[in-house]
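Chains as they are written, first to last, in the numbering used here: chain A, 1 to 178; chain B, 1 to 226.
Read the hints as simulated data drawn from the structure, not as lab findings. No experiment lies behind these values; they were computed from the predicted model shown. Every residue, glycine too, gets a C-beta built ideally from N, C-alpha and C. Misleading hints may appear alongside valid ones.
[To be verified] Pairwise CB distance ranges, derived in the manner of DEER restraints: (1) GLN62/A with ALA148/B: 23 to 31 Å; (2) PRO154/B with ASP166/A: 53 to 61 Å; (3) GLN27/A with GLY178/B: 53 to 61 Å; (4) PRO154/B with GLN23/A: 56 to 64 Å; (5) SER137/B with GLN27/A: 27 to 35 Å; (6) ALA134/A with GLY99/B: 18 to 26 Å; (7) GLY178/B with ALA134/A: 22 to 30 Å; (8) GLN27/A with PRO166/B: 49 to 57 Å; (9) SER9/A with GLY58/B: 13 to 21 Å; (10) SER163/A with GLY217/B: 46 to 54 Å; (11) LYS153/A with PRO192/B: 18 to 26 Å.
Letter by letter, the chains look like this.
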Amino acid sequence: MTVIISDESKERWGSALEKELLQSGTQVVHFIANAINVEPCTSCGSCGGKTFGRCVIQDDMQTVLPKIVTCRALVLVSPAVFGGVSRHIKKVMDRMMPIADPRYRVSDGEMIKGMRNQKILYHMIGFGDKLSEAERTAFISLHKENCIIMNVKGRAFILDSNSKTDAIKKIANEVSYE
Amino acid sequence: MNKSEILHMSNNKTDTMNNSNILLLCASPRRKGTSAMLLERIRSVADGGELLFLPQKGSLDEIAQAMQNAQTIVISGPCYINTYPARLIELLERASSIGGFSNQKLYGIINGGMPYIHTHRHGLTSLQLFAEQNSLSWQGGFVLGVGAMLDGQPLEKHIRRKKIAPAFDLFIQHIKKGTSAPDSLYEQAQVPPGKIVTYLFSKLLTVMVEKRIKNHGCDVNEPNWY
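Pulled out of the complex, with its shape left as it was, chain B reads as follows (with noise of 0.2 Å):
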């Protein structure tokens, strides 16, 4: 199949589809991770939507075209040292040099480790520039803290599930509605934890890693392997 037919069929499916037409884009290498969890949750609420896959290897150009061919677009993707990982920009740096977009709806999700907001925001502030840039319409983001402990299972794990869950919930209408989602939302749901609590948690997730390299029969003490 060819690129014009490819793009035939999908314009095609925008009549019949409206506004079910929802690209979700899982930015993750890991197919069963919180990014993927994230995304099903949003089809399982708001009824549909593709869920695609970046490829690891090789062009990222279809991806790229069905990102043209959405009315919506859902990515969500983990947050490696500060903001999303290297495949998602080089999608992004593709899509913006193919161009073509014309006003579709972008939201972003980014998942880290650290319970703070700032640790992980900067790849929101991406997909704003890149939306800016590309003709697409920014509808907002959702930044989840302590994500990476969950590793997949639902929100309904989370540390701090209570806030969460239903944040994350509004979100997932904001999408539905088509409107643009605030900051407030995670914001509100995502209180820094204090001084005592921050300070057992160091403790805690350090025990864990220690014993795990220990497990593996490694020192963490070790010299730099290179």
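Only chain A is shown next, with the shape it has when bound in the complex (with noise of 0.2 Å):
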């Protein structure tokens, strides 16, 4: 199964994406980030002590973070944001904590952590008018350092808000792992 979590508020390419993977026969689950209620982390720590995997914030994240742990595949779909992702899908990203390995390991000379379900794939898609050079390596970056810090794989791809079609048709190609 596939989970997509876009924002859709300028545009909807998180919906285009969903079509495209339904018809090749993809199950997917879409929520969109900028309709359901999520609040901002509190940083409070309860789900690396005292409620240890579990957020104790009772919002639609309750609803969300059962998805990811049993997916194959997660997407983000964002405008780039400042050369990252909007606030909607940073809400969802920031509240994700309880469902990584609180452990440490080490990869490639380096400390990381990890998700407690390793063999997700992590796909980020940022999207805007005419991104600058330093935006898209920016955005590509903060997916980079993601799979680092969650130890998984995945792609990051970046669109122009007049591309076609044809261009998420590639991108869902690009993501199905069947």
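From the two separate chains plus the hints, produce the assembled complex.
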């Protein structure tokens, strides 16, 4: 199953991707980040101690997290905002702490962490109108760092706002795992 | 008090305070954490500055307004999954849509758990892009690795205290003088640990984490709760 989490407040690339994946027979669960209720992480530390692996905030993340832990691929679709993801997508990302592995490991000579669902494929799609080289590079570097710290693999894509359906079809092909 | 009154007051303030009009903005939900400690250190050395905490609920318009009224803005925040927390991104998006910046000087500080600069640096890159897109003047920043462990304690308790504390104090001097802070300041103070230290450090931290979880009656090897 593929989980798409998209910010559709500006452009609806998440829905376009969902359509393409469904057509190719992939099972998809799609959360629209700007339409669900997700509070910011308060850094209370409960998920790393008192309620290990579980977030104490009762909002829509309680529905999102069970889907992420059982999915094969996670795709974040966001407008590229200051070279990163939008506030809606970042809220969801910040709240993924409970499903991360709190232990440290060493990879390529550096300390990293990981996800408790290690088999996850992690992709990011950033879109925008006339994004600068610096914005593109920053967006891709954020995905790269996310992959390192979460010990997962995946790809980052940049979509121009003028892109046609072909572009999302191509991405759908690249992120399908079967 | 309506918006124009606030604006008027701060305009007067700007006239009288000149260069001391520094806004120290804490982007952490934790008021006594490392992000706030670093701002307190700036406030004591730079002799002033208004310390504001990013409200975790409700409108961010007042903070966006305070940013416009300041001459120098210093944003300090934790690193959540390789960049600043969502609430700061929300502020930047809001401030950007309101607009009206006029060459305010912007400095950034980001602190995270890992001992590597690349893990946390994206936060500063984002602030720089925000500055460039909104007519602020980016003045550089400071990446503090192994900052989470401090948990609000002063830099003198940092594992690399001998290099980090003086480097950060030099960074403060740049804020005080209104000059641009080079990346080399924090880069030279944090050389990545070697193989053996890395191995031992990760073992030590893992033991600490496992102990903490066990003390709460949980098992780190349990399958996902969700």
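For this session: Return the numbers of the hints above that this structure violates; sort them in rising order.
Result: 5
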